[in-house]
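Residues per chain, in single letters:
2 protein chains.
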Amino acid sequence: MSSAAAPKPSPELIFSTLTSYQRAFALKAGIELDLFTAIAEGANDPASLCKRVNAAERGVRILADYLTIDGFLRKENGKYSLTADSAVFLDKRSPAYMGGMSHFLTSEQNIGNMWVLTDSVRKGGTASHIGDNSKPEDGRWVNFARSMGAMAVPTAGVLAQLVSANPASPIRILDIAAGHGMYGITVAKNNPRVHVTALDWPAVLEVAKENAQKAGVADRFTALAGSAFDTHLGEGYDYIFITNFLHHFDVPTNEMLLRRFHSALKPGGKTITVEFVPNEDRITPPMAAAFSLVMLAHTDAGDAYTFPEYEKMHSAAGFRNCTLQIIPELPQRLVIGEK
Amino acid sequence: MSSAAAPKPSPELIFSTLTSYQRAFALKAGIELDLFTAIAEGANDPASLCKRVNAAERGVRILADYLTIDGFLRKENGKYSLTADSAVFLDKRSPAYMGGMSHFLTSEQNIGNMWVLTDSVRKGGTASHIGDNSKPEDGRWVNFARSMGAMAVPTAGVLAQLVSANPASPIRILDIAAGHGMYGITVAKNNPRVHVTALDWPAVLEVAKENAQKAGVADRFTALAGSAFDTHLGEGYDYIFITNFLHHFDVPTNEMLLRRFHSALKPGGKTITVEFVPNEDRITPPMAAAFSLVMLAHTDAGDAYTFPEYEKMHSAAGFRNCTLQIIPELPQRLVIGEK
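Chains A and B, in that order, give the protein sequences.
With my numbering applied, the first sequence covers 1 to 339.
With my numbering applied, the second sequence covers 1 to 339.
It is possible that some hints are incorrect.
No distinction is drawn between identical chains; accordingly, a pair holds when it is met within one copy or between any pair of copies.
Claimed, not checked - Here are the simulated BS3-like cross-link-like pairs (lysine-lysine), alpha carbons at most 25 Å apart as the crow flies:
hint, residue 1, residue 2
1, 189, 8
2, 51, 79
3, 92, 123
4, 8, 75
5, 209, 189
6, 92, 8
7, 92, 214
8, 123, 51
9, 123, 75
10, 75, 51
11, 123, 79
12, 214, 189
13, 266, 8
14, 75, 92
15, 123, 266
Hint data in this document are derived by calculation from the structure and do not stem from the laboratory.
Take the sequences, apply the hints, and build the full model.
Okay, here's the thing in structure tokens:
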């Protein structure tokens, strides 16, 4: 028997979870109205903000209060200001601006697939009328490429350190399903010896090309239009980046893909897989473990795989070594395969 | 200058908020599949659960892990069990079962109105194609009445104590926009001297009548079909319950309604308003203050009003006294008007 009284049962977590979608839509509205930039520029009460963002004063007052409650703004004496995180990531003038993520994360398709989650649980794979999200479908992945690049930059910075530690010259990198291309591009920007080949569907590659241009690495950037499944990848790469890709597929498919990547590496070359890798309990760390549900909702058979599962896949594909690298400040982990 | 280092900026809150709808849909799926009851009855791993809830093992494994991460289940050695709150509120065999809330809180209409929140902020009122949610529309409010009754019971217990403290005999209560009727019904169940008149649209009243029957108070329960705006309310009531009603309207409308309720009270009679009442900063307490956004999304001009605002409305409507009662364990507050 415990001497402490048990806390009284409360339905609060149930209520707040069943209404948690309100939080997503409120932040989406703040981003769409560019409320954060307006506040950063000095419009700090409903009366001045409503003119600046072209919305009703009542609407702005209620939204700004809500965003304060949710931790995106501060409010003192009726005046709003940005939190430290909002100033870095939600002010459009900030180089680390990430508001664009909203276009993808709260897209009709992403939320729509969650609408039918009960059916997906029954089926054991996506019940979306569109089907598995890894089938060629440029619109979705162009949206991803346009929206999610900023989120990749911190991880890409870690990859840049890994790659620059290698003394070989030049360094050839293949970036699989490159999307926005920001992993390879960031690494190339950090190391003038790096040449990146970015593989993706043609419409998506247009975004990566733009980003390479903006980053000033277009002369060390090659666009390879096609699919990781059947396009000739080339050979002799020092590194192959496999970022947020293997989680879309089942184990046999990943083994087949890893065999293709193994063939494209030079001896001693490495794959660097960036992934949500939960611990074996599959409930920690929370963000990585929770990602499994996203794959249930969007794919036929994808998953957030554990490191032992990745180890087996790499071994089956012929890699002589596979290691896990945990970067404390990143939500994702690195799985490194060595040929 | 602070001597402590500022925490490193992190986009984690932005990411988790933009994807927070996943939490709502996961809990909805758990409730729809009745996963919690299945676990309570002893099916505690994916292999046994999937048979019990008629779903794919992979789907059940991923959903149960997610619900563990979100605090609705525990997982030890691969076996799931209910948390204390889930056992009370999500096991269908529990008398305090609240899973039914999901039908209302995650309904297509409730989420749909949030989809257009940016437009509602611009407009300063609901941009829903259905319009203001307080216009007669039985389907939505029948859903509410069928889904949200359990949530009312703790607050109704507090009302029962307030009312039973009154020595008058008998006690006549008018329950405005009664919905499920659980406020008046619970009070009647607790006090045999209480007679409740429940006002609502006819289709909604059918739910309240059923609940009165189940609670064994049908002989002290009168259904009054109509609207608070124009139906003759009767007179000489000891109490009028105004539960989650005034938040739908603007101040002049509420003053007009309160005048009607004032007329229907006997001298010394009281209105008891159950509401989300934020403090004057409009950002605390969080749940009450956040409710304002729901009214922006669903109504033309509703709001979560502060107590000084309610005081003014009561005064304008002729009440001689208006007091605030805060019940620490409840998310809502009571505003009591005295004739």
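Structure versus earlier hints - violations, ascending order
The structure conflicts with hints 13, 15, although it agrees with all the remaining ones.
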